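For reference, the chains in residue letters:
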Amino acid sequence: MKYNYDEEADVRTTALIRVMALFFVGIMIIAATTSPIATGTKSGERAPTLEGKFYNGSAWTDFNLESYWDSEWEEGDVNGQWVAIEFMDTDCPYCIQSAEQMGQNAYDFGGSNSEWDGAIVNFIASVTELDIQGHDSSRSEIISFRNKIADSGDDCGSSDCGSRPGSAHNFPYVDDLDQDNMKKWKVSGTPSYYLIQPDGIIAWSSAEHQGEEIRNAILALVPRESV
Amino acid sequence: MDSNIQLMFYLLPTLAGLLLVLPIGRSLSGPFESTFPSLKSVRGRLFSGLILTCVSGMAVSFQTLWISSKISEGGNFCASNAILSCDDVIGNAEYNVDPILGIPWGGIGAAVFAILLYLAYSSSKEPNASWVAMHLKLGTLLTFGGFFIIALLIYYEFQMEKICQYCSTAHLANIVAFIGFFRLMKMNETKDWENVWAQVDK
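First to last, the sequence lines map onto chains A and B. Sequential numbering of the first sequence, starting at 0, is according to numbering that gives the first Met the number 0. Sequential numbering of the second sequence, starting at 0, is according to numbering that gives the first Met the number 0.
Read the hints as simulated data drawn from the structure, not as lab findings. This one's a predicted model, so the numbers in the text were calculated from it and none came from an experiment. For glycine and all other residues, C-beta sits at the position ideal for the given N, C-alpha and C. It is possible that part of the hints are untrue.
Stated by the list, open to error - Derived coverage of chain B by chain A (criterion: at least 3 residues anywhere in the stretch with Cβ under 8 Å from a Cβ of chain A; other residues may be distant):
#	segment
1	17-26
2	67-76
3	125-135
4	179-192
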């Protein structure tokens, strides 16, 4: 009996085609049923986690940024609460200088101002300690900066923390002295600002809009009833 | 459908695969031998268990990839305050991708199980071909390498203090596949391999 050897009938080709077909069916199902959003700190990306202890005015308690997100939120809905994050250092001169503006923004957009008819913007400060000589911080210094406590013995920059511009803040200050959150968010310098939608998607970042104020971003992006 | 019930679609075939690749496989395959005569031989049972496991492993890996995509959209699938919470593990942006290329672990798992499936399936279709020994060695090597990945992912779970049951099923599938490939590789080195009917009732 004569046997013909046919290389095209190699079972490996058939097996490969079948397995590849199965694999691509799986990929196509995922592509058809999901719209994944990358996690990152650019506009349109999902905000990374931001965890730690935060000072709320009376004590240090657990903080998790995810607790702010509302997955049901839809664009234009004024009932959703936005989040504005400032990455700062209590010894950074520009952070000290902008403390007054931050306090004013928190008042204007945080639900206390009756003239603001837009969605509430929750302000959060994530306080780090930059690796720069003279930038020695502590939880006590964070409290002194936030509450603007005079003669506390804590120096912000080279001056008493109580002498910083603006009034005391009433928004959460997260302890990021170990720079964990700062590294996770790839923050290169302070202050850095992020405006985040209620669904956890970053709407604006100061890194992408150099020279632009977060106040202008809020006015431009946060939905208002009158608009 | 509850996510833990849905998990059974992957876990049960993997457990069946495990029984088939173990020496006790005969007790499970007995009732099916008249329908699937290949189950009568040790080699047939090993290939069947291996293929079943690789298909389950690939499917559960695709499911984890799907879950991570859904979580990134802001949804949830199996979130829980209990220790078993695959959302917390798969949704953790720090750990849910490989540290070098940033590819989701689910995607890596699906691709690897597809390769394993190809190696097992092609070998089962032409078991006496000259390349089968190489396929079985490659399968053994790949699944052995998987143990290091499993160790890394279990370390991540310890860090998060959460367990992802879907990931654990994929890990189990890798272990089962290793047993299957290893036993087939060893058998391939003996003369029993070619005389398949000599293996019946062994």
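> Quick check: the segment 179-192 of chain B, covered by chain A? Criterion 3+ residues, Cβ under 8 Å.
Replying inline: violated (count 0)
> Mind checking, does the segment 125-135 of chain B have 3 or more residues with a CB under 8 Å from chain A?
Replying inline: Held - the segment 125-135 of chain B has 3 residues with a Cβ nearer than 8 Å to chain A, which meets the minimum of three.
> Are there three or more residues in the segment 67-76 of chain B whose C-beta lies closer than 8 Å to some C-beta of chain A?
Replying inline: Three-residue rule met by the segment 67-76 of chain B, so holds; n is 8.
> Checking C-beta pairs, does the segment 17-26 of chain B have three or more residues closer than 8 Å to chain A?
Replying inline: Our answer is that it is violated, as 0 residues pass the Cβ test (under 8 Å) against chain A, missing three.
Hints 1, 4 from the list above are not met by this structure, while the remaining hints are.
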